[in-house]
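2 protein chains.
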Amino acid sequence: MSERKISQAVISRLPRYLRYLGDLKDEGVERISSHDLSVRMHVTASQIRQDFNHFGGFGQQGYGYNVDYLYDEIGKILGLDHKHTLVIIGAGNLGQALANYMNFERRGFITMGLFDKNPKLVGKTVRNLEIMDINEAPDFIKKNNIEIAVLTLPKAGATEISKQIVDSGIRAIWNFAHVDLDLPDSIVVENVHLSESLMKLSYKISRGAGDEE
Amino acid sequence: MSERKISQAVISRLPRYLRYLGDLKDEGVERISSHDLSVRMHVTASQIRQDFNHFGGFGQQGYGYNVDYLYDEIGKILGLDHKHTLVIIGAGNLGQALANYMNFERRGFITMGLFDKNPKLVGKTVRNLEIMDINEAPDFIKKNNIEIAVLTLPKAGATEISKQIVDSGIRAIWNFAHVDLDLPDSIVVENVHLSESLMKLSYKISRGAGDEE
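So the protein sequences, as listed, match chains A and B.
Residues 1 to 213 in our numbering are what the first sequence lists, from first letter to last.
Residues 1 to 213 in our numbering are what the second sequence lists, from first letter to last.
Extracted from the complex, chain A is given alone in its bound form:
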């Protein structure tokens, strides 16, 4: 596949394409034109064609896209064609919520361990995983060659543990802590700052506007 440098904006749209294509698969639709897809997704057909052109096009002129094929190809681009191992560090409400979220597993993201510093949580079982002491996380990551660490703990703890697990060979951090982590460029970081999302909502309410991004 001839793949140029793709912009973040295009990448950000791929999971949404995948979601709609998954729905189409569930409905038994085999082919769809960029026009019909654009109507469903409330974007222009031209944007869809431009986005897909970054990855070689996927489709045949005037014949529409093969839904199964397109679904698989976008999945491959997103790295969903193989399993990813993860640990969740911080086993409070949010950590447990993520551990219990079946959809991630269906997508190939396998939770291998759960950690917390709270002795009341350590030893408790969530989704067949016994919560371990946070001090064991770096060794566990190293031994099990874990790819992704999900940080669902307060910001001081997140900053500290992130530095420790970098040395254990972690490749990516999915960061829910309300802090920007200062890590080597080789580590992939994706932030989910829930408070910031809520503030954007609040801004839009104040402005009286319902202009969704």
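Since the hints were made in silico from the structure, they are not lab data.
Source: prediction; values computed, not measured.
Each hint should be verified, as a subset may be incorrect.
When chains are identical, the list treats them as one kind, so a pair holds in a single copy or across two.
[To be verified] Using 20 Å as the maximum straight-line C-alpha spacing, the simulated EDC-like pairs for lysine to aspartate or glutamate come out as follows:
#1 Lys143 <-> Asp167
#2 Lys25 <-> Asp180
#3 Lys155 <-> Glu27
#4 Lys155 <-> Glu105
#5 Lys120 <-> Asp81
#6 Lys155 <-> Asp26
#7 Lys117 <-> Glu196
#8 Lys83 <-> Glu30
#9 Lys25 <-> Glu196
#10 Lys163 <-> Glu136
#11 Lys155 <-> Asp23
#12 Lys163 <-> Glu27
#13 Lys83 <-> Glu196
#14 Lys143 <-> Asp81
#15 Lys143 <-> Asp133
#16 Lys76 <-> Glu196
#17 Lys155 <-> Asp72
Please arrange chain B on chain A, whose structure you already have, making use of the hints.
Okay, now just chain B, sitting in the frame of chain A:
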């Protein structure tokens, strides 16, 4: 304040400014130059000045910004200078995690009710709130003049309840369901699609790049 039409990109950056200014306040810093703030935030001083110019500038040339003043002003722009009422619909792990998250309350977002359709959850208490039956949500929203509904339930349920609560006068929806809601333009919607965030992470791992946005 002379406020022109502000781009989504600028708005998206305001909560991050607020977070850094909050840290500065905690450290007892009273004034900060755009240069010093830029070093902390890893953005350019020019971007900071440009962003703040959208709101009249906030600062005095060569004298730096007053941290308290700037914090309060950005808070006002984000609508954080008054309370917001919300209900959480879907009291599973994620809904309970959000209900238990103290930070939202500190920011003025007050959880007034929790709802679920699962009879096993209804009647259970979370943070002093008794989980109510989802069928009571529309009336509760109307009677209590609730501003924000947080949707933490599967997509079929989210689509259905969102239509019902629109008629109850809800002003905004913070949507965690993995679906795009089709609602009147007057309703503010902010989506948090966790699976999509995880897929972006996976994409970046596949590409071997740690290029954070």
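Hint check results:
no., hint, in the structure
1, Lys143 <-> Asp167, "within (12 Å within a copy, 54 Å between copies)"
2, Lys25 <-> Asp180, "between (38 Å within a copy, 17 Å between copies)"
3, Lys155 <-> Glu27, "between (43 Å within a copy, 16 Å between copies)"
4, Lys155 <-> Glu105, "between (26 Å within a copy, 18 Å between copies)"
5, Lys120 <-> Asp81, "neither (38 Å within a copy, 37 Å between copies)"
6, Lys155 <-> Asp26, "between (40 Å within a copy, 14 Å between copies)"
7, Lys117 <-> Glu196, "neither (26 Å within a copy, 29 Å between copies)"
8, Lys83 <-> Glu30, "neither (26 Å within a copy, 49 Å between copies)"
9, Lys25 <-> Glu196, "between (34 Å within a copy, 18 Å between copies)"
10, Lys163 <-> Glu136, "within (14 Å within a copy, 47 Å between copies)"
11, Lys155 <-> Asp23, "between (37 Å within a copy, 12 Å between copies)"
12, Lys163 <-> Glu27, "neither (46 Å within a copy, 23 Å between copies)"
13, Lys83 <-> Glu196, "between (30 Å within a copy, 16 Å between copies)"
14, Lys143 <-> Asp81, "neither (24 Å within a copy, 49 Å between copies)"
15, Lys143 <-> Asp133, "within (16 Å within a copy, 46 Å between copies)"
16, Lys76 <-> Glu196, "between (31 Å within a copy, 14 Å between copies)"
17, Lys155 <-> Asp72, "neither (37 Å within a copy, 22 Å between copies)"
Hint compliance for this structure: hints 5, 7, 8, 12, 14 and 17 are not met, and every other hint is.
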